[in-house]
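Chains as they are written, first to last, in the numbering used here: chain B, 34 to 382; chain S, 1174 to 1572; chain W, 442 to 732.
Don't take each hint at face value.
[Unchecked claim] Below, a list of computed lysine-lysine pairs in the DSBU-like style, where the Cα atoms sit at most 35 Å apart:
1. S:LYS1561 / W:LYS558
2. S:LYS1315 / B:LYS195
3. W:LYS558 / S:LYS1466
4. S:LYS1538 / W:LYS558
Worth flagging that the hints you see were computed from the coordinates, not collected in a lab.
These numbers come from a predicted model, not from an experiment.
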Amino acid sequence: MDMKRDYYEDIRLLDSGPQVFWLAVLLAALAAFPLVADSYQIYTVNLIAIHVIVALGLNLLVGYTGQISLGHAGFFAIGAYATLALMLNAHLPFIVALPLAGFISAAFGFLLGLPALRLEGPYLAIATLGFGLTITQILGRLDVFGGHMGLQAPPLELFGLKVTSDAGRYAVIMPICVIMTWGLRNLTKTRVGRAFVAVRDSDIAAECIGVNLTYYKTLAFAVSAFFTGIGGGLMAFVLGFISPHTFNVMVSIMFLAMVVVGGLGSILGSVMGAVLITWLQLELARIGELPLVGPVLTELSNQVFTLSGLPNVQYVVFGLIMVLIIIFEPLGLYGFWIRTKIYWRTWPF
Amino acid sequence: MKKILWLMVLVFSLALAGASGAAEVQGVTDTTIKIGQWGPQTGPAALWGAVARGTGVYFDLINSEGGINGRKIKYFLRDDGYNPNRTKAIAKELYEQEKIWGFACGVGTSPGMAVMPYIIKNNIPWVGMATGSPHWAYPPKKSIFAVYPLYPDEAQILTAYALDTLGKKKIAFFYQNDDYGKGGLAGAVRELKKRGMTLAADVPVEVGETDLASHVLKMKKAGADCVIMWVYPKHAAIVLGTSAKLGYKPQWMACSTLSDVALMFKITKGLWNGMIFGNFAELPDSKAPLMVKYRNAQKKFAPKERWGVFFYAGFGFVEPMVEGIKRAGKDLSVDNFVKAMQSLKNFQGIMGPITYGPERRQGLKKVFLAKCVPATAEVNGKKITYGKGQRLSDWMGVE
Amino acid sequence: MLGQLITSGIAIGATYALMALAMVIIYKTSEVLNFAQGDMAMLSAFVAYMCLSTYGLGFAMSFTLALAFAFALGAFLEFAFLRRAKEPNVLGLIIITLGLEMMLYGLASWRWGSDQKDFPFPVSDFDVYQLGGDVVISQLNLVTLGVACALMILLFVFFRYTKVGVAMKATQQNQQAARLMGIRVGRIMMLTWGMSSVVGACAAFLIASTDTLDPNLMWTPQLKGFSAAVLGGMTSLVGAVLGGFILGVVENLFGGYVSVEFKAVVAFAVIVLILCVKPSGLFAKHYVRKV
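Just chain B, with the same shape it has in the complex (with noise of 0.2 Å):
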């Protein structure tokens, strides 16, 4: 039932029946989610929803195209300033606002492609680390962006609505994620998509086969900068305040952790990932709360560790992981998913 037939079968979006049917679900169930849910769980998936966008971005730079980048915090960074600068200086609307932070956005991943035409692996690392923290630095400087104050975000008015609850906000970012998502998927079917892999794979061999590093490289840089600055547009929002501090080397990090964590190479461990990273950030910090860890956890603290550090314990929770994901399956949530399935698939055998 996988095997495709001919070249339309592969590229088309959909693969099934059942496929169009869950999907349809899905989409069901998130426009009805803002009805039952309460305003806190709804800020939760704002969130989400935002992280997943980046994800997908960063996973089509590192997981499609495998280039490496710790510097993605940058790119929010510039598609939440600008957004607010936009609308704030030049008097823009949100709606042509965001999409233009996403092209300023794009723009600066374009420049940071073309280094990355010579580099890889730690050094393209370090370059795009030193992005990130310029990109910060340079931020905090600038009084247009309120420099080290930080920028108070507008208020929201899409079509002449006024946006103020997180309903509203969802009803926003909600459908800007589904149709991100809808177009990335969309993209890596297509010419440019396998081009992406195909440089992934070997990029010697790529050029020999008639691929242009230099076009396809910057190109994955630009798109994955524009995701990345779309969320960041949206993030500034849900925030309501956005200051240089926001968006530091551990952010990048994070994207990372969720693209990894998620599964390279695939929309839905980007979306996997993303959910799974930003639940624990915002969970684990109840650690203490549990009913019956935190009486063990305080107990602990008590004999051997210290009290006041006890929400230390996040951390090495949120660690470990991470570690037992990589060390089990190396292709993150995504391979969890795909063996489940065909467990499922070929059972009894």
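Knowing the structure of chain B, use the given hints to seat chains S and W on it.
Only chains S and W this time, still in chain B's reference frame:
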């Protein structure tokens, strides 16, 4: 007939009053008040997290004395790791799911700024954020009450002291390159400008930096005879060490965030000696009755905590909030609480005099200066030298 | 001022060089970028601190114990986590080291809290020697320089002339072939991690004595060490040390004469420029994979 009618009206209005009086205010019952706080317990800013734990001990103390107007405080402390995404999630979770009444303190400008619109929108009481940024009180917001003296004011006081009392001629400013450091810088520049002077050098430092030789050389080359610092304890320690090595000996002055004199003396290996610094609360070894009482509370409820400035600042920052709740009486609606808070005039606990008014939301506007002097004590039969603060001035403010 | 800036740059560069050496050792054998390097070192520094302050042991004893701990920690992490990875890819291994970094950070903060501590050290940073003019260098700086250079020479000799060192190089070039030649790849890896952890711990002791000891101690030095290693070429020991010195001096000169605000990021600009000319760093041979 008339009597029955009156009776009915009476019953009806009583029922109405009962319904509106008790059930209307979120997070308050006849026996409890729910109060929440976020603070970095993990990550690079975790050293300020002591504020949030101090508040917890203060509430324990109040509860052990029977609570406020018969209501015990139920306290929720959440770690945000100084990450604004998480701070906002915490604020929502506490207000919408735990149904708290109000927020106490909260560390950090960025986290606070991410939460402020939400707090204004929902009209949640929030008192005593642990940062001296002017965003909270200017312009005034109905339910938000700041305590921490503004960084610019404090810098202005330190600068004036250096020029007038110490007779220094050239002042340099060494600051963390963000909202916090630049706030201090603005105050120093303001004071100098008033006298037609300028800074001899203003030297920013990035949060991650560990090598400060070029910073020190800049100040040395400018010939500054007094340096005011607005940095993290880590950078204060490194800059003093580097200066000692490079033979640069100006008069050092420091911001109140560095007022934990015993700690600073220890981590600078004694170089903190002679430092003049601002204070927003009594010195750690103060004999003021409230300080003694709080220290005993710490020994009782959190014996392993260090009696540092930021720990007991967690007591001080919420003192006005507790006083406000006390004055508001049984009816803890936000309007009533705000009215009670506005009646605070020169209220003093372990911090300086705190005043609020209809248009005034910045409670404390004064600091006092102290100087670090060495002292000796005997611990386990060994003589050790530690740093302690010596008061130089009374509470002073800016006109 | 120029002389002092260069001297201070070399002094701080020596600490970067030590971290760079630690990263290069692991990269040389396994091509893993170890993001846990800094926090392994930080934990070792805390162990030394605990021996010194809590148990009141002497300097020699404490540092020996802490270095032994560092070796054991490195070997353990390799054995328990990295070796367990199934069909690892490079990114997966990086994420494992990131995960380890978080675990170590969490454990250290849980055990010792976030308050700064003073790290006692037998050599003073305040006793200085005049180098002519008003240029000074402290005893501690000289020790750091000495340790960095000595370790570099030691490691260089080790990799070039000892059997184990050659085996390590062989492991990097082709694990499969190395195994067939009778090299116990697993054991070699463990040893590499242990050695690297010890070098990192040395760096942490020296850095903690001028800085203050807290769980965030090694994050910046690690990034700087990483940059220095990349600048030098990631596989070259001499390159790593020279990279550290270059980085330290460039930063200080830029901070002294141009802008202290952008001092922290100028290093990256320099590195990117250099890499554009020499894509594999200054001192490593650039080799292109075959198709």
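- Query: Given the hinted pair LYS1561 (chain S) and LYS558 (chain W), is their alpha-carbon gap at most 35 Å?
  - Reply: Answer holds: LYS1561 (chain S) to LYS558 (chain W) is near 17 Å, not above 35 Å.
- Message: LYS1315 (chain S) and LYS195 (chain B) were given as a pair; does the straight-line alpha-carbon distance stay at or below 35 Å?
- Response: Holds - the C-alpha atoms of LYS195 (chain B) and LYS1315 (chain S) are around 23 Å apart, at most 35 Å.
- Item | Agreement of LYS1538 (chain S) and LYS558 (chain W) with the hint, judged by alpha carbon distance not exceeding 35 Å | holds, 32 Å
- Do the alpha carbons of LYS558 (chain W) and LYS1466 (chain S) lie within 35 Å of each other, as the hint requires? holds, 28 Å
The structure is consistent with each of the numbered hints, conforming to all of them.
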